[in-house]
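Enquirer: My request is simple: use the sequences and hints to build the entire structure.
Okay, here's what each chain looks like letter by letter:
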Amino acid sequence: MALTRRGLAVGSAGALGLAMGGLARPAIAQSEAIRIGWLAALTGQSSAPAVGYNRGVVFAAEQINAAGGIRGRQIEIVTRDTQSDPTKAVNSAQEMISRAKVHAIWGPTNSGEALATTPIMARTKMPNIHQCVVNSLIDPVKYPNAFRIAPSNQQWDDAVRNYCLSILKVKSVAVVGDSTGYGTSAVNASVEAFKKDGATVVYQAQIDATQPDVMPDMLRMRNGGAQAIVVWSVSTGMEARLFNARATMNWDVPFVGHPAMGSGEVGQLVTKPENWDKVYIIGYRSCSFDESGKLPARTQEFVDSMKGKVRTDDTSLWWVVSGADAVKLVAAAVKETGSTESADIIAYWNSLKNYPAVFGHFTFSPTEHNGLPTEEIVMSKANSSHDGAFSLAPGYG
Amino acid sequence: MLGNILAAGLAVGAVYALIGVTYNIMYSASRVMSFTAGQLGMLGGVLGAMFILRLGIPFLPGFVLTLAACAVVGVATEIIAVRPVLGSLEQHLYVLSTLAFALLIQQFTAIEWGTEPRPFPRLFDIGNGGISDEKFWLPLVACGAVIAGLEYLYRHTLVGRAFLAIAEDNFAARALGLPERNLRMASFALAGAVGGIAGFSSGELLLAFFANGGLLNFYGFVPVALGGLGHNRGAIIGGLALGVFQQAANFLVGGVFAAVAVFAVFIVVLLAAPQGLFGVTPARRV
Chain Z
72 MALTRRGLAV GSAGALGLAM GGLARPAIAQ SEAIRIGWLA ALTGQSSAPA
122 VGYNRGVVFA AEQINAAGGI RGRQIEIVTR DTQSDPTKAV NSAQEMISRA
172 KVHAIWGPTN SGEALATTPI MARTKMPNIH QCVVNSLIDP VKYPNAFRIA
222 PSNQQWDDAV RNYCLSILKV KSVAVVGDST GYGTSAVNAS VEAFKKDGAT
272 VVYQAQIDAT QPDVMPDMLR MRNGGAQAIV VWSVSTGMEA RLFNARATMN
322 WDVPFVGHPA MGSGEVGQLV TKPENWDKVY IIGYRSCSFD ESGKLPARTQ
372 EFVDSMKGKV RTDDTSLWWV VSGADAVKLV AAAVKETGST ESADIIAYWN
422 SLKNYPAVFG HFTFSPTEHN GLPTEEIVMS KANSSHDGAF SLAPGYG
Chain L
1351 MLGNILAAGL AVGAVYALIG VTYNIMYSAS RVMSFTAGQL GMLGGVLGAM
1401 FILRLGIPFL PGFVLTLAAC AVVGVATEII AVRPVLGSLE QHLYVLSTLA
1451 FALLIQQFTA IEWGTEPRPF PRLFDIGNGG ISDEKFWLPL VACGAVIAGL
1501 EYLYRHTLVG RAFLAIAEDN FAARALGLPE RNLRMASFAL AGAVGGIAGF
1551 SSGELLLAFF ANGGLLNFYG FVPVALGGLG HNRGAIIGGL ALGVFQQAAN
1601 FLVGGVFAAV AVFAVFIVVL LAAPQGLFGV TPARRV
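Sequence lines, in order, name chains Z and L. Each residue of the first sequence is one higher than the one before, starting from 72 at the first, in this note's numbering. Each residue of the second sequence is one higher than the one before, starting from 1351 at the first, in this note's numbering.
Note that these hints are calculated values from the structure, not bench results. Do not rely on the hints blindly, as some may be mistaken.
[Claimed, not checked] Just the calculated beta-carbon pair ranges, DEER-fashion:
#: 1; chain 1: Z; residue 1: P444; chain 2: L; residue 2: E1462; range: 38 to 44 Å
#: 2; chain 1: L; residue 1: V1445; chain 2: Z; residue 2: P444; range: 52 to 58 Å
#: 3; chain 1: L; residue 1: I1617; chain 2: Z; residue 2: P367; range: 54 to 60 Å
#: 4; chain 1: Z; residue 1: K343; chain 2: L; residue 2: H1506; range: 42 to 48 Å
#: 5; chain 1: Z; residue 1: L290; chain 2: L; residue 2: G1494; range: 27 to 33 Å
#: 6; chain 1: Z; residue 1: K343; chain 2: L; residue 2: V1603; range: 30 to 36 Å
#: 7; chain 1: L; residue 1: P1434; chain 2: Z; residue 2: M320; range: 48 to 54 Å
What you are looking at is a predicted structure, and each value in this text was computed from that prediction instead of being measured. Glycine residues also receive a C-beta, built at the ideal position from the N, C-alpha and C atoms.
Expert: Have a look at this one:
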C-alpha cells in the first residue's frame, strides 16, 4: 500500500486524537466532580421531610468539599425539586441520569414518587439511596441498585408491636388508621402481625380524616377492652380528635404508632396540653434524648458540628442526619473504591457491615438492602420534641 | 350514647342544613347549582381562624370580617362562574364552571393556609368536650339564627320580596323593573355569608381545614336533594335528619360504612320521591 501525504496527515491526526483521548480521560475522571442527584420534594404536599433532608445534604457536601473533597474531587449536588409529584420525579430522575450524568441518586423522599422512579433507576443500574418506607421498594433481585437507610413499613410495624407487647405488656389492642390507601394497608398488616404474635385485636377501623366526631370509635375501643390504641395515619386532625376524645372519656389508654402523632400541628389541635400525654410515636435511638436529656455521643458530635450553620428546631433531626448520611455514603464509596462507576459503588455498599453513620449502623449485603437494624427503632414521647428530637418513651431504661 | 348521637348528629346536621340553604339561595337567584357552597363553608372556618387566631382580631370583628369575605367570594362566584354560563343553562355548563371555581378556592386555600387542619378559637369556652360543649350547640344556634333571619328577610323586607320575585319568575320580575342582576349578586353575597356562618359556627367541630370544602359540598348537597331543590325548610329538616342518621350509623356500623349507609338511604329516598321529600313535581304545560 502506497503512503500518500493525505493518508499520512489523516493517520497522524487520528493517532494524535486517540493518544490525547486516551491520556486525557483518566485526568478528567480524577478531577471531575462527584455528582450526586438529589430528588427532593422541596415544595408541594409532602415537602417537610425534604426540606429537613436538604439541610443535611448541603451541610455534608460543604463539609466534605471544605476538607478538600474525596480524592481531590469535589461533591456536586444536583438538586431537582419534584414538587411532591411522581410525574415530575420521573422526569427529574431521567434528566439526572441521561443529561446531568450523576453518579448516584439520593431520594426521592416519599414512597409515591419512589414507586415511580425506582424501576427507572434500576434499568440504568443507577446507585440509589432512599428512605421511603413502602416494603416493596427494596428488592435486591428486582432493584439491585436501590438501598434504604431508613426503616421499612414492616420495621415500623415490628417496633410498634414489640413496644406494645414487650414493654407496655398489653394483650388487647385496637388498631386504627385513616381511610387512605396507606392507612388501610398499614392497619391490615398491623392487625395480622398482632394476631400472629398472640395479641387480641378488639377493634380495627379506618376513620375518615374529616370525620368531625371520633367518639363512636373511641367508645367501641373502650367497650372492646383495648389496653393500647395503635394508630397508622398521617392525619393530624384525626389524631388530635382521638386524643381529645380520650380526655373527654377520662380514659388513660396509651396511643402508640405513627410519627405524625408527634407533629407540631397535633400540639396546636389538642384542647389541653395534657391530652397529648401517653402518646408514643416511632422514633430512632440515634435521634432521641435519653432520661438525662442527652443525645447519643455521635449524634451530639454531629449536632455540635452543625451549630450556627443548620437549624434543627423547626424540623426533625433525623431528617437532617439522614440527608448528611446519604451524601457521606456516596462519598465513602468513591473514597474506598476510587471509582464513580455504578457497579463499584453498588458493590461497596453491598459490602457494608455496621457502617457507623450518624442515624444508625447500616448493614447491607447483596441480598439485604434494608440497612437500618430494627433495634435502632424505638418509641418516643410524642409531646417531647425540642431541637428536632424526642425523648425516649418509658421502658427503655 | 343517645346523647352523643343527638349532640354530634344535630351539630353536623345543622352545618349540612346551612350548606343546603347556601345551595338553595344561589339556585333560587340563578337556577344554577353552584358547587362552591361547601367551599364557602370551609372558608368560614379557615378565615375565622385566620382573623381571630393568627391576626389576633377580637371575636365579633373577626366574625363580621369572615362573613364579609365569604360574601365577596359569593359575589365572585356569580361574576366568574355563574354569569358567563347563564345563557346556556340547558347545557349545564355551570357544573363545570362552578366546580372549577370551587377547586380553585380549595387549592388556593391549601397553598396559602396549608394542608394540615388548624385549630379554631374557643369562642365562649363553654363545656369540656362533652355533649354540652359549645362545639355541638353553636352550629344549631347558628342554624336557628339563619332560619329566623331569612324568614324575616323574605317576609318583612322589600329586598327579601324582590329576592322571592326573581326566584319565582325571573322574566316577570325584570318586566316589573326589578334590577335582576344586582339582586342576583346580592343573593350570592347572602349565600356566601350563610356559608360563612356554617363554617364559622362549626369551626371548633370541623377545624380550619382546607379539605372540609369537599366534605361539605358533598354532604350539603344531600339535604338539598332530599328536601327538594330551592326549599329551605326541606334542606333544614333534611340536613338535621342526615346528621343524626350519619352519627347513629357511625355508632352502629363505623365511620367508613356510615358513609355507605347514608348514601344507600339517600338513593332509596330519591327513588321513592325523585323531587325530594318536600319538593313539588313541576307542572308541565302540554
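Enquirer: Determine for every hint whether it applies to the structure shown.
Expert: How the hints compare with the structure:
1. Separated by about 42 Å at the C-beta atoms, Z:P444 and L:E1462 satisfy the suggested range of 38 to 44 Å.
2. Restraint check, L:V1445 to Z:P444: a C-beta distance of roughly 55 Å satisfies the suggested window 52 to 58 Å.
3. Checking the proposed 54 to 60 Å range against L:I1617 and Z:P367 shows it holds: the Cβ atoms sit about 59 Å from each other.
4. For the pair Z:K343 and L:H1506, the beta carbons lie near 45 Å from each other, so the given range of 42 to 48 Å is met.
5. Z:L290 and L:G1494 have their C-beta atoms about 29 Å apart, which keeps the hinted 27 to 33 Å range intact.
6. Separation of Z:K343 from L:V1603 is about 31 Å and conforms to the stated range, judged on CB atoms against 30 to 36 Å.
7. A C-beta distance of roughly 52 Å is found between L:P1434 and Z:M320, which places it inside the suggested range of 48 to 54 Å.
Hint violations for this structure: none, all hints satisfied.
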